[in-house]
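Asks: Spelled out, the chains give:
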Amino acid sequence: MEIPVKTNILDKNAKIANRVNRRLRESGIVTLNLMGSPGSGKTSLLEHTVAGLKDKLKLAIIEGDLFTSKDADRIKAYGVPVIQINTSGGCHLDASMIELALADLELHGVDLLIIENVGNLVCPAEFELGEDDRATVFSITEGEDKPLKYPLIFKRSAAVVVNKIDLLPHTSFNMMALTNDINAINPAVQIIALSCSTGEGIGDWLDWLCKQVQRKKK
Amino acid sequence: MHEMAIAASVLDLVLETAAANQANRVIKIQLLIGEMAGVSQEALRFCFDNITEGTPAAGAVLCIDIAPVLGHCCECGSEFPIPEPRVICPTCSSLVVDVLSGQELRVEQIEVED
Numbered sequence: 001m002e003i004p005v006k007t008n009i010l011d012k013n014a015k016i017a018n019r020v021n022r023r024l025r026e027s028g029i030v031t032l033n034l035m036g037s038p039g040s041g042k043t044s045l046l047e048h049t050v051a052g053l054k055d056k057l058k059l060a061i062i063e064g065d066l067f068t069s070k071d072a073d074r075i076k077a078y079g080v081p082v083i084q085i086n087t088s089g090g091c092h093l094d095a096s097m098i099e100l101a102l103a104d105l106e107l108h109g110v111d112l113l114i115i116e117n118v119g120n121l122v123c124p125a126e127f128e129l130g131e132d133d134r135a136t137v138f139s140i141t142e143g144e145d146k147p148l149k150y151p152l153i154f155k156r157s158a159a160v161v162v163n164k165i166d167l168l169p170h171t172s173f174n175m176m177a178l179t180n181d182i183n184a185i186n187p188a189v190q191i192i193a194l195s196c197s198t199g200e201g202i203g204d205w206l207d208w209l210c211k212q213v214q215r216k217k218k
Numbered sequence: 001m002h003e004m005a006i007a008a009s010v011l012d013l014v015l016e017t018a019a020a021n022q023a024n025r026v027i028k029i030q031l032l033i034g035e036m037a038g039v040s041q042e043a044l045r046f047c048f049d050n051i052t053e054g055t056p057a058a059g060a061v062l063c064i065d066i067a068p069v070l071g072h073c074c075e076c077g078s079e080f081p082i083p084e085p086r087v088i089c090p091t092c093s094s095l096v097v098d099v100l101s102g103q104e105l106r107v108e109q110i111e112v113e114d
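Chains as they are written, first to last, in this note's numbering: chain E, 1 to 218; chain A, 1 to 114.
No lab work stands behind these hints, which were simulated from the structure alone. The structure displayed is predicted, hence computed values, not measured ones. A virtual CB, placed ideally from N, CA and C, is assigned to each residue, including glycine. Treat the hints with care, since some could be wrong.
[To be verified] Now the in silico label distances, taken between C-beta atoms and shown as ranges: (1) E:G199 with A:R86: 42 to 48 Å; (2) E:T198 with A:E16: 50 to 56 Å; (3) A:A20 with E:L105: 25 to 31 Å; (4) A:G59 with E:L105: 40 to 46 Å; (5) E:D207 with A:E79: 34 to 40 Å; (6) E:R23 with A:C76: 28 to 34 Å; (7) A:E79 with E:S197: 44 to 50 Å.
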């Protein structure tokens, strides 16, 4: 007997993600899913973010890694609510992990929740977490050919942060090729070039975040 | 590897559907996977074979149709296949293109025995 199903494979995850998103929006919280390769600078960017926005927005952070609480420990030093999810081998976060984590996170009065996903340019692109927006952190040391090799994560991001621009003089990185390829995959994306080491461009990232929060809260 | 999570989601959906129709065994599963969905067929089959052992879907044939990546240009209205990640209209070179297909991840139907 043949039975039609015609259901998205990730339907269950999508339903939980919608539930998470509704719950966060009802509490007035805007949520960003921050993705990127291991070592691209996601946690360093978050350190600049919590320091730079402390007088403007109340933040909470969820950290995702296979093992250790190293990243959550770094953020804890800034005095914002943070929780570490360890997947123990899983290569991405999913909506059910976020739903569980929210139960242990102090969210009263929070404006912006940033979820730092597991370092990975492939799998996080597939799994919604209940976020309002996604941003991908990409470092110039990864090479300008990566967007074409890993298009889905760039296609599904509202912003791409191009980190480590302080190292440009020491590499043969082609910034024009990178921006052309990213724009061809996703014409609407905001590309923000910066350096977490020197602080150059961090203001542009903070401005973009604040504008996103303002827009979403309306 | 995320194909394991996808295989697990396929199995959940398939077993729920079988149970809802009082079927004891699943013999065939038809999937539709988009070319741009970022899923390796080989990895998915490997994971699926592993996790269905001991379940009513053990030994089920996994059939995978691949949906091509098709675009529609919002500027000139052309529809065209998209052979690479760069989405550019071949008629007018516009970047403003809607992707009509190629990102699907769906269980289309299952075949069961009572």
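Asks: Indicate, hint by hint, whether the structure satisfies it.
Replies: Against the structure, the hints:
no. : hint                          : verdict
1   : E:G199 with A:R86: 42 to 48 Å : violated (33 Å)
2   : E:T198 with A:E16: 50 to 56 Å : holds (53 Å)
3   : A:A20 with E:L105: 25 to 31 Å : violated (36 Å)
4   : A:G59 with E:L105: 40 to 46 Å : holds (44 Å)
5   : E:D207 with A:E79: 34 to 40 Å : holds (38 Å)
6   : E:R23 with A:C76: 28 to 34 Å  : violated (43 Å)
7   : A:E79 with E:S197: 44 to 50 Å : holds (46 Å)
Hints 1, 3 and 6, counting from the list given before, are not met by this structure.
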